[in-house]
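Colleague: Protein chains in written order, with the working numbering: chain A, 0 to 398; chain B, 0 to 398; chain C, 0 to 398; chain D, 0 to 398.
It is possible that some hints are incorrect.
[Claimed, not checked] Taking lysine-lysine pairs in the DSS-like style, the calculated list, with each CA pair at most 27 Å apart, reads:
(1) D:Lys49 to D:Lys255
(2) C:Lys53 to C:Lys42
(3) C:Lys213 to C:Lys49
(4) B:Lys335 to A:Lys101
(5) A:Lys42 to A:Lys53
(6) C:Lys374 to C:Lys53
(7) C:Lys100 to D:Lys49
(8) D:Lys374 to D:Lys53
(9) D:Lys213 to D:Lys100
(10) B:Lys255 to A:Lys255
(11) C:Lys3 to B:Lys49
(12) A:Lys100 to B:Lys101
(13) A:Lys100 to A:Lys255
(14) A:Lys3 to B:Lys42
(15) C:Lys101 to B:Lys3
(16) D:Lys213 to C:Lys101
(17) B:Lys49 to B:Lys255
(18) D:Lys213 to C:Lys100
(19) A:Lys213 to A:Lys53
(20) D:Lys100 to C:Lys101
(21) A:Lys101 to B:Lys101
(22) B:Lys3 to C:Lys49
(23) B:Lys101 to B:Lys213
(24) C:Lys255 to D:Lys3
(25) A:Lys101 to A:Lys213
(26) A:Lys53 to A:Lys255
(27) B:Lys100 to B:Lys335
(28) C:Lys42 to D:Lys3
(29) B:Lys101 to A:Lys213
(30) C:Lys374 to B:Lys374
(31) C:Lys42 to C:Lys213
(32) D:Lys213 to D:Lys53
Just so you know, these hints were derived from the structure itself, not from any lab.
There are 4 protein chains.
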Amino acid sequence: MTYKSGRHFLQIPGPSNVPDRILRAMDRPTIDHRGPEFAELGKSVLSGIKQIFKTDNPVVIYPASGTGAWEAALVNTLCSGDRVLMYETGQFATLWHGMTKKLGLEAEFIAGDWRHGVDAGAIGRRLAEDSAHEIKAVCVVHHETSTGVTSDIASVRRAIDAAGHPALLLVDTISGLGSVDFRTDEWGVDVAITCSQKGLMMPPGLSFNAISPKALEASRRATLPRSYWGWDEMLQHNANGYFPYSPATNLLYGLKEAIAMLLEEGLDNVFARHARFSEATRRAVRAWGLEVLSLVPSEHSNVLTTVLVPEGHSADGLRQVILDNFDMSLGTGLNKLQDRAFRIGHLGDFNDLSLLGTLAGVEMGLAIAGVPHSKGGVQAAIDYLAETAPQTQSRDKAA
Amino acid sequence: MTYKSGRHFLQIPGPSNVPDRILRAMDRPTIDHRGPEFAELGKSVLSGIKQIFKTDNPVVIYPASGTGAWEAALVNTLCSGDRVLMYETGQFATLWHGMTKKLGLEAEFIAGDWRHGVDAGAIGRRLAEDSAHEIKAVCVVHHETSTGVTSDIASVRRAIDAAGHPALLLVDTISGLGSVDFRTDEWGVDVAITCSQKGLMMPPGLSFNAISPKALEASRRATLPRSYWGWDEMLQHNANGYFPYSPATNLLYGLKEAIAMLLEEGLDNVFARHARFSEATRRAVRAWGLEVLSLVPSEHSNVLTTVLVPEGHSADGLRQVILDNFDMSLGTGLNKLQDRAFRIGHLGDFNDLSLLGTLAGVEMGLAIAGVPHSKGGVQAAIDYLAETAPQTQSRDKAA
Amino acid sequence: MTYKSGRHFLQIPGPSNVPDRILRAMDRPTIDHRGPEFAELGKSVLSGIKQIFKTDNPVVIYPASGTGAWEAALVNTLCSGDRVLMYETGQFATLWHGMTKKLGLEAEFIAGDWRHGVDAGAIGRRLAEDSAHEIKAVCVVHHETSTGVTSDIASVRRAIDAAGHPALLLVDTISGLGSVDFRTDEWGVDVAITCSQKGLMMPPGLSFNAISPKALEASRRATLPRSYWGWDEMLQHNANGYFPYSPATNLLYGLKEAIAMLLEEGLDNVFARHARFSEATRRAVRAWGLEVLSLVPSEHSNVLTTVLVPEGHSADGLRQVILDNFDMSLGTGLNKLQDRAFRIGHLGDFNDLSLLGTLAGVEMGLAIAGVPHSKGGVQAAIDYLAETAPQTQSRDKAA
Amino acid sequence: MTYKSGRHFLQIPGPSNVPDRILRAMDRPTIDHRGPEFAELGKSVLSGIKQIFKTDNPVVIYPASGTGAWEAALVNTLCSGDRVLMYETGQFATLWHGMTKKLGLEAEFIAGDWRHGVDAGAIGRRLAEDSAHEIKAVCVVHHETSTGVTSDIASVRRAIDAAGHPALLLVDTISGLGSVDFRTDEWGVDVAITCSQKGLMMPPGLSFNAISPKALEASRRATLPRSYWGWDEMLQHNANGYFPYSPATNLLYGLKEAIAMLLEEGLDNVFARHARFSEATRRAVRAWGLEVLSLVPSEHSNVLTTVLVPEGHSADGLRQVILDNFDMSLGTGLNKLQDRAFRIGHLGDFNDLSLLGTLAGVEMGLAIAGVPHSKGGVQAAIDYLAETAPQTQSRDKAA
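Could you put the whole structure together from the sequences, leaning on the hints where they help?
Modeller: What follows is the structure, encoded as structure tokens:
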């Protein structure tokens, strides 16, 4: 191992920087997952995570990545050959779509341009046509990690309702939950899907399904083969704080701490903080004269910003320059954005000075890599953050 | 939190006591799972784990519990309605059997008495009858955690071969690997299944499939729906040290350390150590006048010892007394052994003095709980351990 | 590094086994020792440690070993050439005596046999003779770590008072505080001295002076050169939670946790626990037919037990056998006890099962090393601990 | 505890940010400081630290703050009433001067303006006058933490030699060692003094004396009372890797890691990195139109930069604004600089992006606090750092 001075800047859009409090919470001996101490832990996280999902319904926790929670949402609610309606917001919507085929579902995939969120109108129109109610579920991504575009889930709900259609609404909020507002119950989400390594600030290894009564009802009729992902046994054991098979105990220690931290800061404060970082980042990008991928202001991600590099320049080359020179990891452009864009993660356990370090790393990288740009991005962010600093009232102290 | 002095004795048969080195290895910031530093980690653990499995073939690593690795073994190799042959060694064989139904397989379950390992002869006879080769896989448990009985996997292989039967051999060595010898390639195991929290000394959250070329070939024809568990994408990404979806990075840090520790001690030394602890434990049980569940000496587990309590006494009551008074967790009797037996785990990161503390806790518990027994179990273990101490040649130093 | 399975048994009489909670508390970034967050920490530990010392007077905390706190007690209260009266309870009293010479004091050292505590009568008689009050301080060791003998400090106080002598009473309770009762104010101790790595369960690196008003008054007239150890600047800065020079911040994190843990368990429970371990240990020693160094039952240490080995056998050889075979460190015999005795530490973060593992290690070591003894020491301890188990009322649960 | 998002920026000039590797190294059970494993640790750190000091002579390690190591240097080499010559470089020189009085020495203190390093000429002139060789030691600060000014120690050595004077040269390199070049042997330093929490990147709690043969010889004649600080016993025990009293074992774990990290990076690389950060910081300060305290370019500190605030503005108010709004601690102005200046630490485990975050925090603080300044400091630093980036050759990758 060769020592590299200072902390790595992990500014991919997840895994996000894991705070020491969470790492330290995980750094404890594993306990008996059938004993009384575990039951307290289990009840605590199962109850606490509901507050983060803003739901009164059960949330199940899998020892698995987010991809597993996608699969769980599908296999618990659907039958082989069922038709689902999906929307191409970006790479993760595309991957989820790919999964449906592997699981034997029939998916319709409404094409998108990767620069906009879900078009609820298109969904509503398709459902209205489906008078036989062959479509069993609408699957959309709340916050598309590959593009940095947020979709208006409430509008999707309204579209479904307006069409008088009984389809379930399954929503991936993998990179949204805990960073931007998500209201499982209020928005009528039937299955909300997330994982541990984004807004929850944890290492990967846990994923989640928040389950509406309607989804639970569907699971009783759903016939896709399932065992590991089965909600029924999970919920049965969860009632007492336990799990049907070995839970990832040490990750649950971390989850307990993560929930506590989010509630200490207050969810609204968390969301406002992310929004402020996001605005600062876009101001920097504009000052550099570069283009943000997301086109609609109300859909701009508060979690990450995808930046297009000018034609003839390599986004991955730029990322490599930044990694080599400044020990910062940025997100790569995925699929059709490969080498055309890079993604700046500004989520999770993060603050003003780390954001400015991050943006400075990008600005220096642009210079070194010879990517055409104007200076002044960091300055623009500094100006905005100073102006909106949380405690500017302390100004008088120094006058 | 109320401070309880001293360390908890986690003497269930897994999760085993996680050594500090592994906890500390996990207590590090998560890194970019798409970056070059991760590739080194990925290659290191993917290569290292093969040494533990004693295989030259690929091993895949899931962010999941062992139950998931059971499912992975089945869905990658089988088609809906396929017939499998299983053997009832105990509760975990029973649970695995239960899983086959959920996944749409047809399982034959050869009955066992929970006190013996797999009867390879019975398997051979059944396969010999199956001239149409309807049985696609034989699924057995190498080391039955619920009973403390080891099965002779090599003999199962010989029985399959003697029957000239093409069935795959799927083996659960969840509580065996890393504690008792397991030879994936030499024994002709097609899929070997394990997880992180037993002999690998880690917290739960990772599980494994070691895959023979024959199993891999079968996976190309297998049609059970699968996505998360799919070997193909895993192997494709693993080739470069990466994973198709977010890996449980911090658990992989721990895995790297676990592999290093097992290789530092030397697998043969690890196995000999477990055998010695096991013999000491049985000597204690016999001295107490209690009965070990496992009936055949060559099948006695080196990982845990299941002890029957005399009629009219409660094994769970005893366990509670021991937990309340001595802060030690023992394994409960499962299913038909409920309240009739308890299990002493003596696996993983463990040494002579901790074993004797463990046995002393049992002996004191028996006294407090009023379970009829003779004193002297700990003394018997002390005598055996002193006699077989690793460095008795140092005796002369003190003469 | 070669992996050695299981946890090391650190059964020297300090440093004691540091519990994970304390290690984890220390594993946090250092903070600004001049900032507001530090002031809270400083106030918390400065106030909390007074509860452990049972004093209402100030306690100062040095970034130093216990040896430094000895020096601090002397240089703050005395002048060059001052006469002090000391008592030879063992090696640490001897070392403290040695220090007085280096510092230019005149010490009288009442001889002892290392098997008894302080003879308060002898002290009283000497003080009575000192009508000129040339003796400025009486320096005694409350709990002699080298022998495992406790002294009756209240009786020393009474002897001083009975003699009508103004000498200060300086007491080393380095291995006593936090394990056996110590009442700074009630016993009229003028300077009580301790350090972090014994009953406080921490790593070494902090030491303490609890200071009576009389000692503080003396410090204003004392002329021994001092700077680092000076109470005046310490107390001045401590008033606001700060320190005059850089404090050992991360050790203070640990101290805060240690104090919390002792208060959670309750000091009386802590003392009772140590007494019970001590009695169990002596029963084991007697069963082995070996001799405990401490001769007077009321003076037996609850922290450690010094065991004499039979003539013609090597205590250090025995310790080496135990270290080599069972990964346990025991305390060596010091000075005139070298190779004649070994010391078993049973203090700090410790419980019944660890004690029995410890005693089992000794019993096995005696056998391997060929030290003449009877078997049954561990059995005797088991019997005693079972009989006095904290929650034997839970007996009925299992009946 | 209320969660504050992101990492605190600890940009005081020590304690510096402790890297995780060091914290994790310390987060291990304490071992027997009289056992063989400890001897290896002891030898490793005692040998390794010599490489950092660039000396072939012994270095002793105290469980103490740096202040203790000042005291150790004096009491080991001097007698009561001895005359020493000191130079007022700033607050720490002043404090050390204050200590000499408490210890009964006669100090001459050559006045300085706190904006320059030691004037070797003045020292040479004073020594030349001292034909009776009454001055026994010259005591200077290599790197004055209160001002950010470095002194040329080699020139002091030359001045002493040129005067043909036998005085010892005692040098405080508390905030220099491990960040800026220090050559104990080459520069003829008789006692070099440092501590753990600056360039060694550790928490406070260890301090050091590197001892020349001449200093060791002096210690045999020195009569100031000493015990804890006595070199003789230290060196005697150190020969075998041990210490005369309990060492701060867990801090030594950290020290071993710190030495390894510095040698992995390479001392010359470490020094160059600090120099680059320092230049970037001064460019920022100049761009803001503010004044750096240090006046002579060759003396500018590479460890910290002291910045004067314009008349009529409060440096401490500014620091408070920055702490409240941006969770960054800066160093206060000490003594006559109180409220007139603040200090930016840019030492230890630190990198470009953290430095730019730091400077951005200052620039935003200036704006919020209403301190007159020009924008563009961060931009100036960005420009410089990009231009001097370590791997600009990677530029081509992205072209």
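Colleague: With a cut-off of 27 Å on the C-alpha distance, tell me whether Lys53 (chain C) and Lys42 (chain C) pass.
Modeller: Holds. Lys53 (chain C) to Lys42 (chain C) sits at ~17 Å (cutoff 27 Å).
Colleague: Is Lys255 (chain B) close enough to Lys255 (chain A), meaning Cα to Cα at most 27 Å?
Modeller: Holds, because 26 Å separates the two Cα atoms, which is no more than 27 Å.
Colleague: For a C-alpha distance cap of 27 Å, please report whether Lys101 (chain A) and Lys101 (chain B) respect it.
Modeller: Measuring from Cα to Cα gives roughly 18 Å; hence the hint holds.
Colleague: Could you grab the alpha-carbon distance between Lys101 (chain B) and Lys213 (chain A) and see if it respects the 27 Å cut-off?
Modeller: Holds, because 22 Å separates the two Cα atoms, which is no more than 27 Å.
Colleague: Given the hint that Lys101 (chain A) pairs with Lys213 (chain A), test it: the Cα-Cα distance must not exceed 27 Å.
Modeller: holds, 25 Å
Colleague: For the pair supplied as a hint, Lys49 (chain B) and Lys255 (chain B), is the alpha-carbon distance within the 27 Å limit?
Modeller: Holds. Lys49 (chain B) to Lys255 (chain B) sits at ~12 Å (cutoff 27 Å).
Colleague: For Lys101 (chain B) and Lys213 (chain B), compute the direct alpha-carbon distance and say whether it is at most 27 Å.
Modeller: holds, 25 Å
Colleague: Is Lys100 (chain D) close enough to Lys101 (chain C), meaning Cα to Cα at most 27 Å?
Modeller: holds, 20 Å
Colleague: Compare the distance between the alpha carbons of Lys101 (chain C) and Lys3 (chain B) with 27 Å, and conclude whether the hinted pair is satisfied.
Modeller: Between Lys101 (chain C) and Lys3 (chain B) the Cα gap is close to 43 Å, so the pair fails against 27 Å, i.e. violated.
Colleague: Is the straight-line distance between the alpha-carbon of Lys213 (chain D) and that of Lys53 (chain D) 27 Å or less?
Modeller: OK: Lys213 (chain D) and Lys53 (chain D) at ~17 Å, within 27 Å.
Colleague: Take the C-alpha atoms of Lys374 (chain D) and Lys53 (chain D), compute the straight-line distance between them, and say whether it is at most 27 Å.
Modeller: violated, 42 Å
Colleague: Are the Cα atoms of Lys3 (chain A) and Lys42 (chain B) separated by 27 Å or less?
Modeller: Holds. Lys3 (chain A) to Lys42 (chain B) sits at ~22 Å (cutoff 27 Å).
In summary, the structure is inconsistent with hints 4, 6, 7, 8, 13, 15 from the numbered list given earlier, while agreeing with the others.
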